Structures are given as structure tokens and as C-alpha cells.
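**Q** What follows is the residue order along each chain.
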Amino acid sequence: MITKVLLDIAIMSAIGVILALLMVIAQRWLSNYGELSININGKRDITVIGGNSLLSSLSEKQIFLPSACGGRGTCGACKCKVDEGGGPVLPTEKPLLSKAELVGNIRLSCQVKVKNNVKIQIPDSIFNIRKYQTEVVEILDYTYDTKGITFKLLDEQTIDFKAGQYVQLESKPYEKVKQKAIRAYSISSKPSLQNRLQLIIRQVPEGICTTWVHKHLKVGDKVSFTGPYGDFFLRDTDADIIFVAGGSGKAPIKSILEHLAETGTSRKMSYFFGARTVRDLYLTEEMQAFEKVFENFEYVPVLSHPEPGDGWTGKTGFVMPFFKDAIRDPQNTEAYLCGSPGMIAAVTKSLKEYGVPEGKIYYDSFG
Amino acid sequence: MDISAFVLFWAAIFTSNILLTNFLGMCSYLSVSKEIESSIGLGVAVFFVLTATTALNWLVHHLILVPLHIEYLEFIVFIIVIAAFVQFLELIIERYAPALYYTLGIFLPLITVNCAIFGASLFMVIRNYNFLQSIAFGAGSGIGWLLAIMMLAGVRRKLKEKMIPVGLRGAGISLIITGIMAMGFVGFSGIVQIQ
Numbered sequence: 031m032i033t034k035v036l037l038d039i040a041i042m043s044a045i046g047v048i049l050a051l052l053m054v055i056a057q058r059w060l061s062n063y064g065e066l067s068i069n070i071n072g073k074r075d076i077t078v079i080g081g082n083s084l085l086s087s088l089s090e091k092q093i094f095l096p097s098a099c100g101g102r103g104t105c106g107a108c109k110c111k112v113d114e115g116g117g118p119v120l121p122t123e124k125p126l127l128s129k130a131e132l133v134g135n136i137r138l139s140c141q142v143k144v145k146n147n148v149k150i151q152i153p154d155s156i157f158n159i160r161k162y163q164t165e166v167v168e169i170l171d172y173t174y175d176t177k178g179i180t181f182k183l184l185d186e187q188t189i190d191f192k193a194g195q196y197v198q199l200e201s202k203p204y205e206k207v208k209q210k211a212i213r214a215y216s217i218s219s220k221p222s223l224q225n226r227l228q229l230i231i232r233q234v235p236e237g238i239c240t241t242w243v244h245k246h247l248k249v250g251d252k253v254s255f256t257g258p259y260g261d262f263f264l265r266d267t268d269a270d271i272i273f274v275a276g277g278s279g280k281a282p283i284k285s286i287l288e289h290l291a292e293t294g295t296s297r298k299m300s301y302f303f304g305a306r307t308v309r310d311l312y313l314t315e316e317m318q319a320f321e322k323v324f325e326n327f328e329y330v331p332v333l334s335h336p337e338p339g340d341g342w343t344g345k346t347g348f349v350m351p352f353f354k355d356a357i358r359d360p361q362n363t364e365a366y367l368c369g370s371p372g373m374i375a376a377v378t379k380s381l382k383e384y385g386v387p388e389g390k391i392y393y394d395s396f397g
Numbered sequence: 119m120d121i122s123a124f125v126l127f128w129a130a131i132f133t134s135n136i137l138l139t140n141f142l143g144m145c146s147y148l149s150v151s152k153e154i155e156s157s158i159g160l161g162v163a164v165f166f167v168l169t170a171t172t173a174l175n176w177l178v179h180h181l182i183l184v185p186l187h188i189e190y191l192e193f194i195v196f197i198i199v200i201a202a203f204v205q206f207l208e209l210i211i212e213r214y215a216p217a218l219y220y221t222l223g224i225f226l227p228l229i230t231v232n233c234a235i236f237g238a239s240l241f242m243v244i245r246n247y248n249f250l251q252s253i254a255f256g257a258g259s260g261i262g263w264l265l266a267i268m269m270l271a272g273v274r275r276k277l278k279e280k281m282i283p284v285g286l287r288g289a290g291i292s293l294i295i296t297g298i299m300a301m302g303f304v305g306f307s308g309i310v311q312i313q
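Protein sequences, first through last, are from chains C and D. Going by our numbering, the first sequence opens with residue 31, and the numbers climb by one from there. Going by our numbering, the second sequence opens with residue 119, and the numbers climb by one from there.
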């Protein structure tokens with residue numbers, strides 16, 4: 031009986047091993063595309079082993095395109111222009127590409143496999159993106175569901191970013207969550223700190239990464255992230271500025287204001303912060319302090335659902351009606367938004383109604 | 119089973135359509151039937167893989183499992199054989215027929231876990247088909263599956279402009295349509311019976 035069982039297991043394993051061996055041999059023979067070159071922006075050539083996705087081939091060479099879903103083709107963050115050698119657009123890419131992008135050879139780099147020599151174009155700022163090892167040095171409780179976490183870069187590294195940009199944090203497995211998660215968070219500290227940066231992270235119910243940050247992350251933990259990413263940063267003009275933030279959307283605007291406090295500015299600035307109740311407000315004194323630093327700055331917190339016991343005497347409702355007084359000349363006004371997709375859609379619509387040009391409304395498109 | 123391979127082939131398409139009478143292979147059937155073009159791609163891929171894996175699994179069953187008296191392991195072995203074959207096919211197509219890869223190849227990973235394919239292999243064993251019958255049954259089932267997903271994709275294209283109650287949109291209405299199509303196919307059942 032026992033020999034029968036053992037024999038069966040052996041046969042079963044043998045079948046598995048033979049098939050696996052066949053697969054390995056086939057992979058060697060069939061997926062071997064040899065060394066191929068990727069030409070970037072017509073300037074730089076890198077040599078990679080063919081057969082892998084463009085995204086992973088590039089990251090092996092320390093060029094990190096943004097990717098929030100880890101190459102599964104669901105987030106659409108890893109778009110880049112593939113001029114030659116990308117093959118036809120796959121059905122897995124189509125849902126995430128607009129018509130203009132399809133015409134303009136924009137592809138999802140996680141879906142494009144490197145099987146020929148490839149010519150691509152990526153923004154120069156991508157070369158600035160690196161992977162950083164950090165240690166948590168401070169965790170502040172801003173509200174009941176929002177924390178400010180400060181990371182110190184290890185190995186004497188420094189990070190060079192523009193105020194308003196974001197990084198992608200990599201969470202570790204915990205409890206029932208077995209895999210790593212990569213999520214984007216805006217940097218809330220000023221660029222001049224160089225070897226330190228702070229993220230403001232609000233707990234999302236059932237969120238893989240935010241739950242990890244809120245329930246498991248401690249001072250002294252080692253965390254890695256890549257960055258800086260994004261084209262949400264202050265434009266160097268003389269236009270009036272409207273900042274609009276909700277929840278943890280305060281982060282990039284805090285960075286921009288702290289940066290401006292160092293460099294100095296005489297631009298007219300209004301900062302509207304939307305929250306539900308008094309419990310959701312944080313860093314109020316710090317933001318009001320900027321009213322003394324800058325010549326022409328106002329901080330306007332607006333509560334949508336103030337509770338009777340809060341003793342709230344400030345503005346209530348949505349932030350949109352209060353823009354009117356802040357806009358002097360709509361054509362000469364820039365808006366910087368950070369918050370939930372719903373808030374961004376509503377604020378963008380309202381700003382356009384006030385006459386602010388669409389091209390001067392800036393925001394990050396991650397939720 | 120004493121039935122000619124030719125009859126079995128037609129029966130597998132119409133009277134015992136693997137999707138419409140056994141409701142096998144539903145997940146990719148529901149999710150890929152939004153566009154006719156991609157539903158045909160997936161259907162053709164299913165046809166190829168079904169035909170080939172039924173034949174392969176017949177050989178594995180009669181040349182390895184039966185002589186060694188380990189028929190009870192057929193579930194695991196069949197799944198491994200299907201997975202390996204699909205992977206293999208994907209590699210070959212990707213290398214030697216890039217054009218085909220972009221139309222068919224991308225659906226292959228979906229097929230590895232398609233229960234119609236595993237189901238056909240099991241039916242072939244339970245019903246004791248010989249080699250020729252198995253190939254005919256596999257090919258017929260594949261064409262039947264292709265036919266069913268094409269029909270659903272055609273109907274769903276017409277549905278796009280129609281008012282459908284919110285709760286029924288997507289999978290709900292597709293399942294109802296599939297049910298009606300299955301009833302339509304009952305009309306063929308007088309021709310021949312294979313189960």
C-alpha cells in the first residue's frame with residue numbers, strides 16, 4: 031500500500047518535472063532574443079537582454095518609469111513614447127490610452143515587450159528618479175486618521191525634487207496581506223532638506239498601503255521608495271495662485287509653501303482647505319503663520335459638515351463659492367489642486383466657470 | 119462508446135454545446151464577449167487549445183495513467199498538461215508568428231484556467247472515447263464554444279444602445295441571454311444524443 035502511494039507520488043512528480051524541464055528548455059530556445067538596444071531620446075543607448083517588458087528592462091538599468099500597479103497594466107502610470115520596435119498596441123493597453131495617445135505612439139511600458147531594438151522617448155526628469163533606502167525617524171498624528179511620517183535617507187544619499195512632486199512608497203507584507211504594494215504619495219517637506227522627507231498619509235479603509243503605514247510602521251523601520259515623480263509643481267511665473275486641498279492633499283502644497291518661504295515671493299496666493307469637521311483640520315497654525323511670512327497670502331479652511339459642538343465660526347459648505355473673491359484676473363491665475371478625484375473634478379469645473387484657463391489648472395491624477 | 123467521430127463532431131457543436139448545455143468556460147465567455155473582434159480571437163484560441171489538449175490528454179491518459187493505474191490523478195495531470203501546453207504554444211506563437219500573437223496569443227493565458235478545456239478532457243475519459251472520437255469531440259466543442267461567444271458578442275453589441283435596468287447590466291443580462299440561447303439550442307437535441 032505504502033509503496034503504491036510512494037510510487038504514485040514519484041510518477042506524478044516525474045510528469046511535473048518532465049513538463050517543467052520542457053518549459054525551461056523551450057524558454058531558453060524560444061524566448062532568447064539576445065542582446066538588444068534601447069535608444070532613449072535619440073541620445074543614450076542602453077543594452078538589455080530581450081524578452082522582458084520595457085518597464086522592467088529600463089528599471090534594471092536604474093531608469094524608473096512611474097508604475098503604481100507593479101506592471102499589471104491597470105494603473106496606466108508607466109506610459110512612454112515608443113517610436114520604433116514596440117509592435118502593435120495590445121488590447122490590454124487600449125482601455126488606458128486616449129485617442130491622442132494612440133496616434134502619438136504612447137504605450138504602456140509594462141505591456142510592451144522588448145523583442146527588437148527599440149526607440150523610446152521619456153522626459154529628462156525621469157533620469158532623476160532613483161530608488162532610495164530610508165529609515166522612519168518621526169511619526170506625527172495630525173488627526174485621528176492622518177499621520178505625518180518623516181523618512182531619513184540612508185547611505186548619505188540626497189534627493190533632488192521640485193516642491194509638489196511625489197514618491198512611490200513600497201509597503202511590506204503584513205498580517206494577511208502577502209504581497210508588497212506600491213503607492214504614490216506627495217512629498218510634504220521642503221526640497222532644501224535634501225536627505226529627509228515627509229509624507230502625509232491618511233488611512234483609507236481597507237487600503238493595503240495606508241493600513242500598513244497606520245498599523246505597522248514604527249520609528250526605526252527601513253522603507254524603500256522611488257522618486258521623485260510628477261509634473262505637479264509650482265510654475266515660475268508672476269500669476270496669482272489658488273491652492274485647493276482636501277484631506278491629505280495638504281502635503282504637496284505644504285512643500286510648495288515652505289519652499290516659497292525660503293526663496294521669497296510677492297505673488298498673491300489663496301489657500302483653500304476643504305474638510306468635513308473640525309476633527310479633520312490639522313497644521314492650521316502652521317498654515318496661518320504663512321500669512322505673516324508672505325506679503326499676500328490667506329489660508330481659508332472650509333468645513334462641509336461642521337458639528338454643533340465644534341464651535342466652528344469659519345466658512346462652511348464647499349470651497350468653490352469662495353474662489354470668487356480670490357480671483358482678480360482669471361486669465362492671470364494659476365490653480366494647484368490636490369485631493370480626491372471627485373473634489374478635483376468639481377473644483378476644475380468651477381474654476382473654468384470663473385474663467386481660469388484649463389491649461390493653468392494643475393493636479394496629480396492619482397487618487 | 120459506439121458513435122462515429124463525424125456525428126460526435128456535429129453533436130459537440132449543436133446538441134451538446136459545451137457552453138450552452140454544460141455552462142463550462144463561463145468566466146472568459148462573459149468577460150471577453152464585449153467586442154466581436156476579441157471574442158472571435160478568444161474563440162479561435164479556445165478551439166485550437168481544446169482540440170490539441172483533448173488529444174494530448176487522451177494520449178497521457180491511455181499511455182501513462184492507465185498502464186500505471188493512477189487514473190485517480192487525472193485531474194492534476196490534465197491541468198498540468200493543459201497549462202504546460204498553453205505556455206508552450208504561447209512561446210512558439212510569440213516567436214514565430216508575431217502577427218498571430220497579437221490577435222490570438224494574448225488570450226492564451228486566459229485559456230489555461232478555462233474550465234471548458236478541462237471539462238472536455240474529463241468528458242472524453244468518462245465517456246470512454248477512442249482517440250479519433252476525442253479529437254472530433256475536442257474540435258467540435260471548441261467550435262461550439264466559438265459559436266456561443268460570437269453569438270453573445272453580437273447580441274451584446276446591439277444591447278449597447280438599449281435601456282437595461284441598472285441591476286442587470288453587464289453579467290446579469292449576459293447570463294439571461296445565454297439562458298435564452300441555451301433554450302434555443304435545445305431545439306437541436308432531437309438530432310442526436312451523446313450523453
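Honestly, the hints are just simulated from the structure, not real lab data. From a predicted model like this one, the values you see are computed outputs, not experimental measurements. Heads up, a few of these hints could be off.
Stated by the list, open to error - Computed list of lysine-lysine pairs in DSSO-like fashion (alpha-carbon distance at most 27 Å, straight line): (1) C:Lys145 x D:Lys280; (2) D:Lys152 x C:Lys124; (3) D:Lys276 x C:Lys177; (4) C:Lys145 x C:Lys182; (5) D:Lys152 x C:Lys109; (6) C:Lys129 x D:Lys280; (7) C:Lys91 x C:Lys206; (8) D:Lys278 x C:Lys124; (9) C:Lys124 x D:Lys276; (10) C:Lys129 x D:Lys276; (11) D:Lys280 x C:Lys73.
To be verified - Examples of chain C residues toward chain D, derived with CB under 8 Å: (12) Ile45; (13) Leu52; (14) Ile55.
Where is the CB? At the ideal position from N, CA and C, for every residue including glycine.
**Q** Would the pair C:Lys145 and D:Lys280 pass a check requiring their Cα atoms to be no farther apart than 27 Å?
**A** violated, 43 Å
**Q** Does C:Lys145 pair with C:Lys182 here, judged by a C-alpha cut-off of 27 Å?
**A** Answer violated: C:Lys145 to C:Lys182 is near 40 Å, above 27 Å.
**Q** What's the verdict on D:Lys152 and C:Lys109, does the C-alpha distance respect the 27 Å limit or exceed it?
**A** holds, 25 Å
**Q** Hey, D:Lys276 versus C:Lys177, does the alpha-carbon distance stay inside 27 Å?
**A** This hinted pair is violated, its Cα atoms lying about 51 Å apart.
**Q** CA of C:Lys129 to CA of D:Lys276, is that 27 Å or under?
**A** holds, 24 Å
**Q** Is the hinted pair C:Lys91 and C:Lys206 satisfied, with a Cα-Cα distance of at most 27 Å?
**A** violated, 33 Å
**Q** Going by Cβ atoms only, is C:Ile45 closer than 8 Å to chain D?
**A** Interface hint status for C:Ile45: holds (6 Å vs cutoff 8 Å).
**Q** Is the interface hint satisfied for C:Leu52? The criterion is a beta-carbon contact with chain D at less than 8 Å.
**A** holds, 7 Å
**Q** Could you check if C:Ile55 really has its C-beta closer than 8 Å to a C-beta on chain D?
**A** Hint violated; C:Ile55 Cβ to chain D Cβ min 10 Å, cut 8 Å.
**Q** Are the Cα positions of D:Lys152 and C:Lys124 separated by 27 Å at most?
**A** At roughly 14 Å apart (the allowed maximum being 27 Å), C:Lys124 and D:Lys152 satisfy the hint.
**Q** Does the alpha-carbon distance linking D:Lys278 and C:Lys124 stay inside the 27 Å limit?
**A** holds, 19 Å
**Q** What's the verdict on C:Lys124 and D:Lys276, does the C-alpha distance respect the 27 Å limit or exceed it?
**A** Holds: C:Lys124 and D:Lys276 sit about 22 Å apart, inside 27 Å.
Hints 1, 3, 4, 7, 11, 14 from the list above are not met by this structure, while the remaining hints are.
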